[in-house]
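Chains as they are written, first to last, in full-length UniProt numbering: chain A, 1 to 166; chain B, 1 to 166; chain C, 1 to 166; chain D, 1 to 166; chain E, 1 to 166; chain F, 1 to 166.
Think of the hints as simulated: they come from the structure by calculation, not from any bench.
Hints should not be assumed to be uniformly reliable.
Stated by the list, open to error - If you want the footprint, here are the derived chain D segments under chain E, 3+ residues with CB under 8 angstroms: (1) 2 to 15; (2) 34 to 45; (3) 53 to 62; (4) 67 to 74; (5) 102 to 108; (6) 152 to 161.
Just so it is clear, CB atoms sit at the ideal spot from N, CA and C, and this is done for glycine as well.
Protein chains: 6
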Amino acid sequence: MVKAEDFLFRGLDKMGNTTNAVGSNVTAVNVNQLPGLNTFGISMVRIDYAPWGQNAPHTHPRATEILVVIEGSLLVGFVTSNPDNKLFTKRLEKGDVFVFPEGLIHFQQNVGKGYALAIAALSSQNPGVITIANAVFGSNPDISDDILARAFQVDKKVIDEIQSKF
Amino acid sequence: MVKAEDFLFRGLDKMGNTTNAVGSNVTAVNVNQLPGLNTFGISMVRIDYAPWGQNAPHTHPRATEILVVIEGSLLVGFVTSNPDNKLFTKRLEKGDVFVFPEGLIHFQQNVGKGYALAIAALSSQNPGVITIANAVFGSNPDISDDILARAFQVDKKVIDEIQSKF
Amino acid sequence: MVKAEDFLFRGLDKMGNTTNAVGSNVTAVNVNQLPGLNTFGISMVRIDYAPWGQNAPHTHPRATEILVVIEGSLLVGFVTSNPDNKLFTKRLEKGDVFVFPEGLIHFQQNVGKGYALAIAALSSQNPGVITIANAVFGSNPDISDDILARAFQVDKKVIDEIQSKF
Amino acid sequence: MVKAEDFLFRGLDKMGNTTNAVGSNVTAVNVNQLPGLNTFGISMVRIDYAPWGQNAPHTHPRATEILVVIEGSLLVGFVTSNPDNKLFTKRLEKGDVFVFPEGLIHFQQNVGKGYALAIAALSSQNPGVITIANAVFGSNPDISDDILARAFQVDKKVIDEIQSKF
Amino acid sequence: MVKAEDFLFRGLDKMGNTTNAVGSNVTAVNVNQLPGLNTFGISMVRIDYAPWGQNAPHTHPRATEILVVIEGSLLVGFVTSNPDNKLFTKRLEKGDVFVFPEGLIHFQQNVGKGYALAIAALSSQNPGVITIANAVFGSNPDISDDILARAFQVDKKVIDEIQSKF
Amino acid sequence: MVKAEDFLFRGLDKMGNTTNAVGSNVTAVNVNQLPGLNTFGISMVRIDYAPWGQNAPHTHPRATEILVVIEGSLLVGFVTSNPDNKLFTKRLEKGDVFVFPEGLIHFQQNVGKGYALAIAALSSQNPGVITIANAVFGSNPDISDDILARAFQVDKKVIDEIQSKF
């Protein structure tokens, strides 16, 4: 039996806890939190940024993202695919809207003086998030440092150092 | 040549002019305003509501909508399809998120004391908007009052009266 | 176990009962009546029209419709979305085919002397039907006359009168 | 500039010429005849059958078909894919509706005394038709009889005989 | 619980048994063999060909195919839909890649001296295979020879002869 | 005018040049090389691996990949999305098939004694490739080391070192 509650999620006005390594917090409202989104191809997130906090480079494997700045100033960017790997960046102020195309690596950094806040929507009810640092250097179990040392063309001990942080 | 500007829209922080018959204003950011959205199946709108203003009953022919209240209190609702025509409503406060399923007739009404503001996203880069009153009673040219009188089971002069407003 | 019966529906030759307020009747053959349609993105309807009967303004939230006149003469029309709200109409005779684009408000009216009959197909196995008058003025429970009076820019008593019919 | 004519096709009431080898005729109304169908995923056909005529085994590479008998009696069937190759058949009378799943080989045969008529809809604006006999034995140029003799496990002269008819 | 085994299929290096009427063998790796493919819209096959063996004319009702020759020489072809029924053919050598568009009838024949091997991928996790000879002349139960004789414009005894082989 | 050449690509038997930093080479056959793939949702690649070479961690923003080992032994893996970041790995031998789900970070490493060869197919005619190291540390222009130092939780000089390699 369908009911109005299935279409309602309360509390996106609550600031997330940004006391963490990257200084940001994402509150997701997708099909896991809001069952009424099922099959509808859309979801929403709130992103809080401490001063100089960032939403670290990540991808959404199944969605494009459209983001609007509610408070503060953000430097945003995404990188195109091979062979160009071109970086597109913009400084966004309150009320600016930006698009991160499906599957591309992107990030936001708070470049204002205070806290920043953005609302974003994603073109899937289950978009997924792959934070590059966590997936590459913090997987369970670890990807072998042998593979990563060659992939990133650094010494294994550099890889080990990064892996120790995740 | 793709460039960062294609993915940027500025100015969604500007309050829309709600001095109109229904007391609301929608600022759209879809593929017409933001070409970088092309093929990506998502878009965004800002909705301003004067006190007791409403976003009158309407449908999006090609999109589901997810809405978050940024300021104020809204009564929101949608009606299911035949044969039930069941009305689902909720009173939303700041931070509440609601879903309007694809193609269904829905509305929002400002039920707080001051202005209200919502941000919504739609699951199409070109969702379309059909405001029921405008499409049914204000089309160009008019649908004949003969048809509408029977459809709405009222006298033609009632239809003529409504049509005269649109 | 799939069987031939899953792909068969009998009886679309039976004229529907058009003794009702609008003088028309729709017999649907979608996934609810014909399980073999599941996932296939198509369905069919038979529409009967008493003399001067109409299939009142409605939308299909998930489908485009293609209609062919089997008997009689129909005035058909649809209205485009905002901001144009342009009404497209044609008078159809036996053998004429017309398209109603996905999600747009459309209608047919019998403008011949006798009964009329159309067969239509829809681009979904579960297209849905939203009859505007029923959804807006006959929902369960009612949309408040406060909201509708402002949306349609008439007095509440006009709204109440229409609501009393549905 | 979109106009009402783009959504209109006239003349599907005209009986097709069934004086041909198989005794049937298909009149198509797809995006080639009716440009308003573009991107909408639906189209329509009229099928006429002379007494004992057939719409010979064929597939639609991009569509499911739903068919209703308007006049007469039809034996209809489709064959499932490997490894079962199961034949599903039904005798249809006026008003019966049947589904031919996407891409499967199917056929109709007039098994009544007079002419028969069906209207069918397809889940693509450009469904395509592959008549098995024509594609396999009447392609331009011919598929070599060497290949077909082995595929159908008969002598090349049998293949040559069939190829000579197409 | 998702596990790595769901994404693994072993043994596509094994040559299939080509000792059969057409001299070829298809080893399929689709969602039936490899559950991790579910919803992902892709699958793979290995095709072995004895000298002068063929993968007889067939269609995939839900997929386009891309094929690469690993060993040997193949004559490949597909036939376009009505009304052209145009045959496109190419002789492929090791390393050549060819595309068979969705739903079209196509075939491959080993035209080299030894065994041939191809790997192909299909744009569905459940593409289906309809071998024309088997579906038309070897269905269970048989399509009546009455229908097939007229469809292929030969004597019923020719049909009966072909049917006796399947 | 469609012609057979549009569906043909020659030369996937040629070993790619693996004399590079990661010891692997990808030869792509997508819609850029093979126009007949347009709209068909599939493409193919050949991947060569020098001894101990790797196809470094990367994603395809618009495709799932299915890979078969033609020669050699590969260690393959992919990492699930947040919050689990679970690493799935398997050692593949000749004839083994593996699936890399859409948008997830994955890699292959040659763990045999000689060269290795794989053929893979992707569920898009234009899947895209994002090599993590190149996109994150080798974009044009660079992502600021400020952002990356915090994202990867290492000193800027470590970031600078990695960036200097790309």
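Comparing the hints with the structure gives:
1. 2 to 15: violated (count 0)
2. 34 to 45: n = 0 at 8 angstroms, threshold three: violated.
3. 53 to 62: Three-residue rule met by the segment 53 to 62 of chain D, so holds; n is 7.
4. 67 to 74: Check failed, 0 qualifying residues.
5. 102 to 108: Holds: 5 residues of the segment 102 to 108 of chain D have a Cβ under 8 angstroms from chain E.
6. 152 to 161: This one holds; 5 residues, not fewer than the three required, reach chain E with a Cβ under 8 angstroms.
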